[in-house]
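Go ahead and model the full structure; you've got the sequences and the hints to work with.
Number of protein chains: 2
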Amino acid sequence: MKNWIPAATGLVAGALAATVFFADFSSGPSGSATNENANKTNAEKVYVPYGEHDDYYMLSSGGHSGQLFVYGVPSMRKLRTVPVFTPDPATGYGFDDATKKMLGGFTWGDFHHPAISETDAEYDGKFVFANDVANNRIAAVDLKTFHTADIMSMPNMGGPHAGTFVTQNTEYIVMPTRFSRPLGGDYASLDQFEEKYKGIVSMVKFDQETKKFDLGYQIMLPPWSYDLSDAGKKVSGDWIVMTTYNTEFATTNLEINASQNDRDYIVLLNWKELEKKVADGQYEEINGAKVIDPTKVKGSIYAIPVAKSPHGVDFTPDGTRFIASGKLAPLMTIFSFEKAMEAVKNEDFTDEKFGIPVLPYDKVMEREVDPPGALGPLHTQYDDKGNAYNTMFISSEVIKWKIDTGEIIDRTPIHYSPGHSSAAEGDTASPDGNWLVSLNKIAKDAFLSVGPSHPESMELIDISNDKMELVYTNPVDPEPHYAQIIKADKIKTIPIYEKDEKRPNSVWSQEDTRIERKGNEVHVYGIAMRSKFIFDAKSKRPDELTVKQGDKVFIHLTNIDLDQDITHGFGIMDYNLNYEVQPGQTNTLEFTADKAGTFPIYCTNFCSALHQEMSGYLLVEPK
Amino acid sequence: MKNWIPAATGLVAGALAATVFFADFSSGPSGSATNENANKTNAEKVYVPYGEHDDYYMLSSGGHSGQLFVYGVPSMRKLRTVPVFTPDPATGYGFDDATKKMLGGFTWGDFHHPAISETDAEYDGKFVFANDVANNRIAAVDLKTFHTADIMSMPNMGGPHAGTFVTQNTEYIVMPTRFSRPLGGDYASLDQFEEKYKGIVSMVKFDQETKKFDLGYQIMLPPWSYDLSDAGKKVSGDWIVMTTYNTEFATTNLEINASQNDRDYIVLLNWKELEKKVADGQYEEINGAKVIDPTKVKGSIYAIPVAKSPHGVDFTPDGTRFIASGKLAPLMTIFSFEKAMEAVKNEDFTDEKFGIPVLPYDKVMEREVDPPGALGPLHTQYDDKGNAYNTMFISSEVIKWKIDTGEIIDRTPIHYSPGHSSAAEGDTASPDGNWLVSLNKIAKDAFLSVGPSHPESMELIDISNDKMELVYTNPVDPEPHYAQIIKADKIKTIPIYEKDEKRPNSVWSQEDTRIERKGNEVHVYGIAMRSKFIFDAKSKRPDELTVKQGDKVFIHLTNIDLDQDITHGFGIMDYNLNYEVQPGQTNTLEFTADKAGTFPIYCTNFCSALHQEMSGYLLVEPK
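Which chain is which? The protein sequence lines are A and B, in order. Adding 50 to a residue's 1-based position in the first sequence gives its number in my numbering. Adding 50 to a residue's 1-based position in the second sequence gives its number in my numbering.
What the hints contain is simulated information worked out from the structure, not anything from laboratory work. Be aware that a few hints might be false.
For chains that are exact copies, the list does not tell them apart, and a pair is met inside one copy or across any two.
[Stated by the list, open to error] Under the rule of at most 16 Å between Cα atoms (straight-line distance), these lysine to aspartate or glutamate pairs were calculated in the EDC-like manner:
#1 K358 / E388
#2 K326 / D343
#3 K327 / D644
#4 K549 / D104
#5 K176 / D539
#6 K322 / E671
#7 K176 / D482
#8 K494 / D613
#9 K590 / D241
#10 K452 / D368
#11 K403 / D104
#12 K176 / D412
These numbers were taken from a predicted model, which means no experiment stands behind them.
Shown next as structure tokens:
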């Protein structure tokens, strides 16, 4: 067929026309085309054939699943569920000794807002940070391995819902609280709300060498609630902004009582100045944290009135403005960072709240954007052409508008009730303007039904042209709240774990395998390889492990298959145990052999043609 | 653009040619077209635009994740992770009282082989059954709700790996064991393997009204291992077949020792006759199970030699033949059910193993199919045109061949190392011949890298034409082993749970909400609704729950939003608790308030514009 295309050159125009024709037929109009997707149907835009890769990773929160969802864009294929706050037998996470300790007994988390580490206000692809709203934790996932590297519990907090987000060189990962709460989670009647309950912002440090968190300092704020927030860039790089709601101090029926005020606040604070104040000792130590109290330590923290119950605020890519969205007001409000600094400098304050000076709305506000009929704006994303994008929860649409003029450029319907959205490189100083993904809360009948509870959805929107185009609707498990989309070539994974002769408990040759008994502790130094387990090569049955009932057993297992993607699992029947060793990894499984009997052991992660034969037995001699 | 297509009619041929041209360019050749996919590019074949639905559900095992993965075909979009053997905070599964009890303390399972319930050898779309290889359990998922309805532990087993599969009217769900093991899992040295270790097949009953399992009977078999197996259809409807491996009785290093024999066996047994024998009392009661021992109870169980270490056996759609694949021999072997019955009738036995007569291979075997260069065949799937499909693990391909003649029709490369495959309606009496999905074990560089451990993959193959066509490669979390693909209109979900005034612990009106104390037990009869919790409408703060440290708390929560897809979550901060109530559901959360303090409660599953405000407080007064 290819042959007669060049032969009939008059048909080439027909061919192009036909493409559009088929686009019309199968996937709606493709719009005016100005980019590499020109002349592609929507089907073709999302189709990544075998042999090609997606252009971007999307790192999405998994909400109350506790996990990180990794997607490819534009195919919207889910590449991986990375366990973060919840045990995951598919990868042995939370079963082996190290990850079990890291989880600290928790079996779930509520992961809302991923933040990729940044260098010079650009995603650098090294780590992604995660918040656990439910249990006040922060986690870091190493993007070399897509493994969770560290989890830290944060004292004094009441649900770090408004982050994580990072400062422009990842000096801090910021976690503002959602629910105000007595410090330390102590008991205090709700009648004492204004007095005893506090909002806390945690400024967390992460050492990229040791891969460990450390709590830098905390900021004590009024008992308001905080929502998705942002750090400044370039000129505003020392500042962070946060939206607040429930400035009414409601303690019950927030649905009504926290929606009374026409204005809530943006909190604007200078993390660098506060860092210096902490270094100067201007803090109180509370439950192990260095806490700054703005009623005592003046300056560096300001409030700006903003339209009712906002659900997010974001600096523009150039860092000169920040845009807040009033969830219960139909407004996007643009504030000038320069004007805010002027007001700060001139001490042009209209009020003070809990020691925090309030800046004059009219002087700092640059423009209110109020698209007709639009309702429920959430936070703002950006492209490379000076445009902003807002999801509208209630009117179920995305609105594209010009930051400089407030002009509405385009609107596209969404199915349905979008929460936040994420643009390619959208939180950096240089969003690239190719894709926007809307994270939708209600799918209705978008997909085949899976019962009373439907999937959420992610909708892919091509924003490379003047007109937005909804390209694809993709179902997703509960529940993405926020995501970041990063260029694929920024993430550099390792193919295997390096063979490390000095690593404690590792065994690299069969003759070093052994079973050592110390009192009632049994230590197995074993090997997993295609296609067998070797616990003790010198034994009659190298894959048999016999212990006594009541023994405490430690299985130190090294995967000596130093080949990409050859992961071995290790499950013990009826013992509720399963963990894995990736190529070159050593992991330890610890358990008490409290049940006597005969328990098959087998490789749970398909590894080779003789995977089925990769097994052994745990024999527990009765007491 | 549409306008000038009709105007330039001479270009229509060009348009069609152009489609193929673009197919060549973007997605490989589309092959000769004989079905509704004619003239569609691969991109168009998998693209399901908003407003349309997938044609099929694919119900896939989630392997050691323990869960059921639900996909749409042909889009290959994952519609839902249904928790089965592993707790899942995203849905509260294993956190609320009822599902926690159902899981029985286990925090993982190894789900290998889903089986959809059948009526007259056709999927009826009512339930899907699941095996837990690791912990010897069976589960049923109700396809009206996609919720796990029941889980039962099976005595005497050593990993039910060779099923589940169902008889043609779901009289039994069959679970043959993988690892032989002393009955009851008792301790016995591996030196006593041939004497004390047993293979067990469980014949499980499921009551579709009460949605409860019951163990019908078990069959004691030699200490061999068993792999993916099948029940007969039509003429063979009373029979089941199972492949065996490790007929060498190896107890160590199975990689070598279980691969010595050139022939292992197919076990052929008549479940209806055995049922009668059980009814006649010809069984022993062992650990609560009725166990038939073929060394004592003669007849109804036979063995047939088969090529080395087979990995599956399947009846043809008409039930007249069964096809086994020798994983370590490059053969698919077709056996005649009629000839097997003849040999049984004539007592034409060549040997006896553990009381089981062995049928003569040459007389029962109809044909060996040995495609040149093909290595590692797994089990067999079918289309509607008399063809069979086998995945080849080692040569990484799918082979299509004619059952009647053994003729090889087509081969297509797979990326890489396919395990089992699943055809649309493929295990029924009438496979429909549209799609085959290959469940691949090794993805290599098919996708963007997510570290040393890569995703598995599912590859969609269009089998509607003579030539197979690989249409799409889709990543998937660990680890699908088997799947079934069912026509979408066969599954009828309910939109909401019915309002049931008589349901224990349900509360349907605000005035009935209440908190009752009985000693140190606190029972909350509460409501979840958009956008608040009401524990006691008469209280000053209806969403406050104050208890004393040490109280045992029961929160009975009813979701009175009887609207589709309005699910509410219920998380308690720092208490590691989260569950959900779907529309019309009542669920109970039970916990001991052992930590004093102030703990926010909030809706964890996005429900409404004021979801963020749907919260309250648990106050635990210190002792």
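Verification of the supplied hints:
1. Taking the shortest Cα distances, K358 and E388 never come within 16 Å of each other, neither inside one copy (24 Å) nor across copies (78 Å).
2. Taking identical chains as interchangeable, the C-alpha atoms of K326 and D343 lie at most 16 Å apart only when both belong to the same chain, with a minimum of 14 Å there against 80 Å between chains.
3. For the identical chains of this complex, K327 and D644 are neighbours neither inside a copy (55 Å) nor across copies (38 Å), given an alpha-carbon limit of 16 Å.
4. Taking identical chains as interchangeable, the C-alpha atoms of K549 and D104 are never at most 16 Å apart, the minima being 31 Å within one chain and 46 Å between chains.
5. Taking the closest pair of Cα atoms, K176 and D539 come within 16 Å of each other only inside a single copy of the chain (12 Å); across copies the shortest separation is 46 Å, beyond that limit.
6. Within a single copy, K322 and E671 get their C-alpha atoms no closer than 62 Å, and across copies no closer than 40 Å, so neither meets the 16 Å cut-off.
7. Proximity of K176 to D482 under the C-alpha cut-off of 16 Å is found in neither arrangement, the shortest distances being 19 Å within a copy and 48 Å between copies.
8. Only between protomers do K494 and D613 lie at most 16 Å apart by alpha-carbon distance; the minimum there is 10 Å, versus 45 Å within a single protomer.
9. In this assembly of identical chains, K590 and D241 lie within 16 Å of each other by CA distance solely across copies; the values are 11 Å between and 71 Å within a copy.
10. Proximity of K452 and D368 under a CA criterion of 16 Å is satisfied intra-copy only: 14 Å inside one chain copy versus 65 Å between copies.
11. Taking the shortest alpha-carbon separations for K403 and D104, neither the intra-copy value of 49 Å nor the inter-copy value of 55 Å comes in at or below 16 Å.
12. Taking identical chains as interchangeable, the C-alpha atoms of K176 and D412 are never at most 16 Å apart, the minima being 41 Å within one chain and 62 Å between chains.
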